[in-house]
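Engineer: For chain D, the structure is supplied; the task is to place chains P and F on it using the hints.
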Amino acid sequence: MSYTAWILLTGSLVGISCGLVGVLLILRKMAMMADAISHTVLLGIVSAYLISSSLDGGSMLIGAMLAGLLTAWLVQWFESTGIHSDAAIGVVFTTLFAIGVILISTSVGNVHLDVNHALMGEISFIPWNTVHLPVIGQIPQATLLLMIITIIVIAVIALFYKEWKVTTFDPALAASLGIPVLLMHYVFMTLVSVTTVAAFDAVGAIMVVAMLITPAAAANLWTDKLLTMLIISAVIGAASSCAGYGIAIWLNTSISGSMAFATGILFVFSYLFSPRHGQLAKWFHKPGEI
Amino acid sequence: MIRLLSLFESSNFQWVFISTILLGMAAGMVGVMSNLRQQGLMSDAISHAALPGVILAFLLTGEKQLPVLIIGAGISGLIAAFFIYGIEQSTRIKRDAAMGIILSVFFGGGIMLLSIANRSGGGQSGLDSFIFGQAASMVRSDTYVMGGLALLVMLLIFVFFKQWKVVLFDPQHANMMGINAHLFSSLYTFLLVLVIVIVIQAVGVILMAALLIIPALSARYWTHSLLILFLLSGFFGGFAGAAGTLISSSESNLPTGPFIVVTSSGIFILSLFFGAEKGLFHLKRYINKTALQSDGTSGGDEK
Amino acid sequence: MKKQSAAMGLMLIGGLLTACGDQEQQADESPVKVVATTSQIGDSVSEIGGDLVEVTSLMGPGVDPHSYQATQNDINALQEADIVFYNGLHLEGKMDEIFEQISGSKPVLALGEAVEEENLLTDADNPEVVDPHIWFDVPLWKEALESATSELIELLPEDEEVLEDQKNAYFEELDSLIEESENLMGSIDEEKRVLVTAHDAFGYFGRMHDLEVIGLQGLSTEDEVGINEIQQTVNLLTEREIPSVFVESSISDRSIQAVIQGAEQSGHKVSLGGELYSDAMGEEETEEGTYIGMYLHNAKTISKALQEDGE
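Chains as they are written, first to last, in this note's numbering: chain D, 1 to 290; chain P, 1001 to 1303; chain F, 2001 to 2311.
Certain hints may be false.
Coverage of chain F stretches by chain D, computed from C-beta distances (three or more under 8 Å per stretch; other residues unrestricted) [claimed, not checked]:
| no. | segment |
| --- | --- |
| 1 | 2098–2109 |
| 2 | 2178–2186 |
Below, computed lysine to any residue pairings styled on SDA-like, alpha-carbon distance capped at 20 Å [unchecked claim]:
| no. | chain 1 | residue 1 | chain 2 | residue 2 |
| --- | --- | --- | --- | --- |
| 3 | D | Lys282 | P | Gln1089 |
| 4 | P | Lys1094 | D | Tyr3 |
| 5 | F | Lys2269 | F | Asp2253 |
Don't read these hints as lab results, they were simulated from the structure. Beta carbons are placed, not taken as given, at the ideal position from N, Cα and C, and that holds for glycine.
Bound-form chain D, shown alone (with noise of 0.2 Å):
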């Protein structure tokens, strides 16, 4: 495949994972918790690397991992004691990286683990960086590791679908089926970190934040479905990669900042446009609907 091939695979992957995950993280009013966790991820990524000290994948994506459920957990008891959700996810997001940037400038000194490039990601690369697999042949790593959270996401989404929907819009009427809401709360935090991660590696923390809030968004939109929401979103999302990359090429100039770009674009396309929730659509019903 050509390299180009590679990245809007991987653009679009990045796309899919995050708007499915992103519909259930507005949904559910967690949409900064996606900033949250891209931001802690770097605390755990620091760490793997200082208990492993070495720098691939696999632990850093454990230490990620745990990060991101740590700063869900720790969201979720300040809540429990009465502090507001913006102020919870504020605390302990910056308290967290503020610790992962003090550990890099004590302990990992100056092997080169940079802030820097785990904020911005650097996904112009990635077609270069593959792993060889049985069949398929050559594969790029982080797009082998995107396919396979899309993989799960969506597995996860589909298997408990019904529960999702229960627990996101009426989790009292889940609570009273039987439903374990707290556990799915933590599982649906395990995917948003998962997520998070891969995509990270990819695109940076900035690109993950704009691919799981804006589409799901600007799904929110056009529909009042969950499924139709999911798709659109997942749609919308693997467009804004493709159409970031198309922006990058013409501006010559980032390429996941782009991709970031893009996802407003489509969001304000879908403000002014969309047939239910869209600006136009308001003007030509004026009272009413809101």
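Structural biologist: Using the frame of chain D, we list chains P and F on its own:
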């Protein structure tokens, strides 16, 4: 100990020390307002959204002068805040999602512009230090800027204290009492953006939110009086600034910003457990006061 | 601007079209496409290669390689390159891995790893970390270019003589650069031979010219400058009455400004010695946009500033 004393004689240390105290105070006090309005993460969104403004200001003027960059940051921060409120009000998207959208899309745009600026030839170096912040290189003029900022914040808070109190706790009644709630809302947004764009150079985009959120949150565990809340939050912010600077000066290669945040979190944990009003070890009082507290937390919620 | 983007588009379409079957095409006439990361490498290699090569440097003037971000054009260049030269020793940070990967499909040479290891400098506190800024030691740089030339010869065996001649001509220029810079630097007084810069880029320069080198930041510009470093530097400037400090073109000058003001406060007036080119070179088409020109600029700036009497 002797080393510590000699530290205080050094003028570089003094500048950084005083500046971080002042900026901690200013951020802490403005943070009280954003926490009461339950908009803690607005600071995070605005600080990320300031990036494209900084780079654009550089690209348009070719200047790397701080005032130019700050104006750029301020404009794009204000636009971001405006968009967030706009999305929240005109669609069914919740505020936190709106913040996430604006934060990431603006920042992505900023990275695009930075990449273009990098290609545009010499002179752009150091623009990205705006993202990560460099507290240690603050000089005398920074001290004056931070001092001016802290003074302005205090002045605006204390002169209009009565009005703030109504606007923050009971916005519905503000108009009835002849207070222009809209004006104060805008003033608050202006203050927030101002503090962010000035403090950002010291601690960077990511840790900015901590300076606004944590001191104010900690202060809530000690008092219910708005006046004391402001003072205490300012004090916590200043203290964290001082302690963070001291710790990071104790050895080589320690970053200042993260230590300020960690100190601040330490204060928060202490307050959470031992706070005289709502600390976990004062559970009984906490339950008794739920009625009081609820008008504090949900009062600021505008719908 | 328009023209540029049109050309870019064309290049791109061309690139996409040829991506599949470009193996046979690059036969005799067209020059060998060389991609270099830093412009120091790019300039030197294009001097040696002459008309035989077409060099693209990824990191332009003012770009800090430690925090370089690739653009699509850079990627295209890398893809179409016949040979890639990079500095290595972690100068390009994360890109190292990428070059290792690319080396499977085309010749790739890390100049920093092609020289004798014993000639490399290591970080004082951390012996595993090697100073990557090897181009500041001209003899060492020649050694690195020697290997670069042999790589080129391997690619163009018929042109061996031409390449050797061009290399020798360039090395002569480098020899006179050594002489000239040594003259410039030699005239500085013993007690003033201290070079204070924003980050530790000048270790090799200091070793070659017998200067003590102090960088506020470590070898990479990623580290934040600590208050302690600033303070220690101010103390040192004051104690030893060093007249000047220097800013670098690819790094923010804020920390150096803080040092200057700090020293002034403690009663020692330090002047800004000028701007040095450390990791990046000057604008293209200028004197400082070439390796020799930027080296001479640095040598002149340093010797002029350090010879001036402080007080």
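Engineer: Evaluate each hint against the coordinates.
Structural biologist: Hint check:
1. 2098–2109: holds (count 3)
2. 2178–2186: Violated: only 0 residues of the segment 2178–2186 of chain F have a Cβ under 8 Å from chain D.
3. D:Lys282 x P:Gln1089: Distance of about 13 Å is within 20 Å: holds.
4. P:Lys1094 x D:Tyr3: 39 Å, violated
5. F:Lys2269 x F:Asp2253: 18 Å, holds
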